[in-house]
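Protein chains: 2
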Amino acid sequence: MNTLFLPELREMLAEDRTDELREFCTALHPARTAEFMEGLDNEETWRVLQHAQPTLQAEVFQYFSVDRQVELIATQDEKQIAVLVTQLPADDAVDLLREVPEDRVDAILALVPAPDRRDIRRLQTFPEGTAGAMMTTEVACLSETLTVRQALDELSRQAERLETIYYIYVVDTTNHLRGVVSGRLLISAIGRPETCLADLMKTDVVSVKVLDDQEQVAQKVEFYNIMAIPVVDDANHMMGIITHDDVIDVVREEAAEDVQRIVAVKPLSDSYLRTPVLLLSWKRGFWLLILFFAGLSTAFALRMYQSWLDSYAWLVLFIPLIISSGGNSGSQSSTLIISALVTKDVELSDWGLIVRREIIMGLILGGIMGAMGFLCALILAPSPFHALIIPITILCVVLCGTCMGSVLPLIFKRMGLDPAMMSNQFVAGLSDLLGILIYVNVALLFLR
Amino acid sequence: MNTLFLPELREMLAEDRTDELREFCTALHPARTAEFMEGLDNEETWRVLQHAQPTLQAEVFQYFSVDRQVELIATQDEKQIAVLVTQLPADDAVDLLREVPEDRVDAILALVPAPDRRDIRRLQTFPEGTAGAMMTTEVACLSETLTVRQALDELSRQAERLETIYYIYVVDTTNHLRGVVSGRLLISAIGRPETCLADLMKTDVVSVKVLDDQEQVAQKVEFYNIMAIPVVDDANHMMGIITHDDVIDVVREEAAEDVQRIVAVKPLSDSYLRTPVLLLSWKRGFWLLILFFAGLSTAFALRMYQSWLDSYAWLVLFIPLIISSGGNSGSQSSTLIISALVTKDVELSDWGLIVRREIIMGLILGGIMGAMGFLCALILAPSPFHALIIPITILCVVLCGTCMGSVLPLIFKRMGLDPAMMSNQFVAGLSDLLGILIYVNVALLFLR
Chain A
1 MNTLFLPELR EMLAEDRTDE LREFCTALHP ARTAEFMEGL DNEETWRVLQ
51 HAQPTLQAEV FQYFSVDRQV ELIATQDEKQ IAVLVTQLPA DDAVDLLREV
101 PEDRVDAILA LVPAPDRRDI RRLQTFPEGT AGAMMTTEVA CLSETLTVRQ
151 ALDELSRQAE RLETIYYIYV VDTTNHLRGV VSGRLLISAI GRPETCLADL
201 MKTDVVSVKV LDDQEQVAQK VEFYNIMAIP VVDDANHMMG IITHDDVIDV
251 VREEAAEDVQ RIVAVKPLSD SYLRTPVLLL SWKRGFWLLI LFFAGLSTAF
301 ALRMYQSWLD SYAWLVLFIP LIISSGGNSG SQSSTLIISA LVTKDVELSD
351 WGLIVRREII MGLILGGIMG AMGFLCALIL APSPFHALII PITILCVVLC
401 GTCMGSVLPL IFKRMGLDPA MMSNQFVAGL SDLLGILIYV NVALLFLR
Chain B
449 MNTLFLPELR EMLAEDRTDE LREFCTALHP ARTAEFMEGL DNEETWRVLQ
499 HAQPTLQAEV FQYFSVDRQV ELIATQDEKQ IAVLVTQLPA DDAVDLLREV
549 PEDRVDAILA LVPAPDRRDI RRLQTFPEGT AGAMMTTEVA CLSETLTVRQ
599 ALDELSRQAE RLETIYYIYV VDTTNHLRGV VSGRLLISAI GRPETCLADL
649 MKTDVVSVKV LDDQEQVAQK VEFYNIMAIP VVDDANHMMG IITHDDVIDV
699 VREEAAEDVQ RIVAVKPLSD SYLRTPVLLL SWKRGFWLLI LFFAGLSTAF
749 ALRMYQSWLD SYAWLVLFIP LIISSGGNSG SQSSTLIISA LVTKDVELSD
799 WGLIVRREII MGLILGGIMG AMGFLCALIL APSPFHALII PITILCVVLC
849 GTCMGSVLPL IFKRMGLDPA MMSNQFVAGL SDLLGILIYV NVALLFLR
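Going down the list, the sequences are from chains A and B.
Note that the first sequence ends on residue 448 in this note's numbering; no numbers are left out.
Note that the second sequence ends on residue 896 in this note's numbering; no numbers are left out.
Hints in this document: simulated from the structure, not taken from any laboratory.
Ideal Cβ placement from N, Cα and C applies to all residues, glycine included.
Just to be clear, a hint being listed does not mean it is correct.
[Said to hold, decoys possible] Which chain A residues face chain B? A few, computed with CB under 10 angstroms, are given here: (1) Val105; (2) Asn236; (3) Trp287; (4) Ser307.
[Claimed, not checked] Subject to a maximum C-alpha distance of 27 angstroms in a straight line, what follows is the list of computed DSS-like cross-link-like pairs (lysine-lysine): (5) B:Lys714 with B:Lys650; (6) A:Lys266 with A:Lys283; (7) B:Lys668 with A:Lys283; (8) A:Lys283 with B:Lys657.
Bound-form chain A, shown alone (with noise of 0.2 angstroms):
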């Protein structure tokens, strides 16, 4: 928390000292404005806001974190929320309201200007996490019969409204999106005023449909390289945009998402924090009860071999760090595989390779490991002779598990499966079960 500004500031409000106060909200950038003003009460807060204007408002509010929104909304009447609502870019306040009671909602709403209000309703429609409910309405439409210099003043009207005007869609009457002029072309052009944005405009428009998940949006923006891309209905009607920053947290939501997936925890929709805890524990528990099953089968699998297990009970020492061994190597391999799918640095056809080369990385981990155990063994084993037990079975293991890690991944995407949803557990539970019976097995050839 910044307090550096905070004394002035109370200070300013105790006086009410009107014109600093108005000096502090326009003078510094928006976000720092925010920064400055988080150590004030909600109170004190909205008494600060009061001296911006709504669209400076609007901005300092978004660079609060969301539970201060939040909790700042709670304590103000509906009247300077709407005023709120309407200055906040409608995805945005979409995104704001979702965090409202039902009933206040209702309230909020009716007090903002029918046109903010329709797309708000409209973007509420669009299930979570597909391009509808990404995009914002605010978006730079002008028509296919304009000239540049028609263009430049329409845009300087529309301005104050937009959210970006880094590129420029281009509709016919009926609002089909035809083509798309950057803003960089547009300004090449202005020793060309008459000439049309039909013939100016990029007919070749990469667009999403409403509907489409929110990590082909993602991949799509990367993949081009753009700041923004359009959203269309499939009669290809322009009904939004989407820009880089919301792509961004899209790119950061699914990381996170990846990553809950390697350690098995059902992906959150919601952060850490703010997940209940028996749904947290539900989500964790899910993985964690398969994976318990297999251990189990390892409980079982040791059951068969008891006995012998009984006259040689040094070699229950090494169960621990056998079994680890190979759940380590296994999962460093499909995580590594599975990170390496999502970001399509390899595909399925470099198979062989994949193969090739976890086959040699098992074999030198594994050797090396091997080595290290053997010199432990020679203390904790009857002889140099059965201490040979140890290396083997950790060579075997560790290249059980490189293979395994990384063919199961390649298998699942091949079936048509999510590769991170389960092959970092299969992985785990299969170790496991494979280590004890790899072990039991290189003893029982050396004691027999």
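With chain A fixed as given, assemble chain B onto it according to the hints.
Using the frame of chain A, we list chain B on its own:
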């Protein structure tokens, strides 16, 4: 691979139908042009590209995969490549030249016009991972004394050369960064063409230093929700800008590194397939060996209780299960907390709340798993009384796992270390050892 156009393209090449080839190069989005050319060999690709203007050539070229780009460069003479390098944004040119043998780089750069060559050479001096290495020097910089009309004319002249004009940076006569004017603001001021940029610009500019870390850059761009960020030296001289597409790359890269750390792989600087097997073995082996020593310590811990394990051999069956229960629940906790720390969903000051939540989850998850374990123990243990050892151990081990998993990342963070770097390995190693100790001691309590 998209082979839709391949026959036509080959026919056009064979019959040298220049007009159609030119049409092919210009009609589509450059990304699609590149896509349709995927099936061509290197020589055919270059022959098709000859029909596009150098600017467009560079655009299409950038949509080929990196491997393809390197291949294409290897098969062409320096002169053609110099044309291409001149057209690429300087930051992308540097990235490309990094893939080319040292001696060829010099030959190519000798053919690049002096100003572009200087830009490239300067960018090459910044270490990878810094703002300087990410930035491009093609930036719209205008003097603060220009009027809106002059600025638009100047931009219109420069537009071709610039990567972005979403922001216009305003500098004084000695190139100090003084302010920023968004494209939107400039266009909205078209009605007041004599306004001076100095009166229009915002002076509280968010910028980064050339040697700032790329993760810092990404965080700033995300926090301030901006399309591009200017890069300055220590004296606030304007050096270049970093655009949002490079930021998305960084976000993806850092997310992949976090995943690698979580499964105990030292972060790769290159993609999976492009990292040499020996280097990859080292990056994996480093942590694997540390985990291995943790595993070895369990062997020695078990040894202390060996005579006693011999008498109660059925207890051995549950060792893998108990260890993996603690490890799995612990790594879930630590990963959730690490990602929440990275995304700032939780702060150090939340530690009380976090621990409370993890204790509750540990009790719930441990309770359920313990109950399942009890049912199995009824089969494998000599009596129901003895079977009680299993659920009690599992409950304790899972509780330990969730608490350690959540507290260790916080402690690492508090000590100023990267929580992602160590905690998961710590949790894995510690939970193996603790699991054994808890197990043996619970059992001793019951069996004495």
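Hints and how they fare:
Given the 10 angstroms rule on beta carbons, the hint for valine 105 (chain A) is violated: about 25 angstroms separates it from the nearest Cβ of chain B. For asparagine 236 (chain A), the shortest C-beta to C-beta distance to chain B is roughly 16 angstroms, which exceeds 10 angstroms, and the interface hint is violated. Hint status for tryptophan 287 (chain A): holds, given a least beta-carbon distance of 8 angstroms to chain B, under 10 angstroms. Contact between serine 307 (chain A) and chain B, as hinted, is supported at the beta carbon level, the nearest pair being about 9 angstroms apart and thus within 10 angstroms.
Restraint check: the Cα-Cα separation between lysine 714 (chain B) and lysine 650 (chain B) comes to about 43 angstroms, which exceeds 27 angstroms; the hinted pair is violated. Our distance criterion of 27 angstroms between C-alpha atoms is met by lysine 266 (chain A) and lysine 283 (chain A), whose separation comes to about 5 angstroms. This hinted pair does not check out: lysine 668 (chain B) and lysine 283 (chain A) have alpha carbons roughly 32 angstroms apart, beyond 27 angstroms. A C-alpha spacing of about 42 angstroms is found between lysine 283 (chain A) and lysine 657 (chain B), which places the hinted pair above 27 angstroms, so the restraint is violated.
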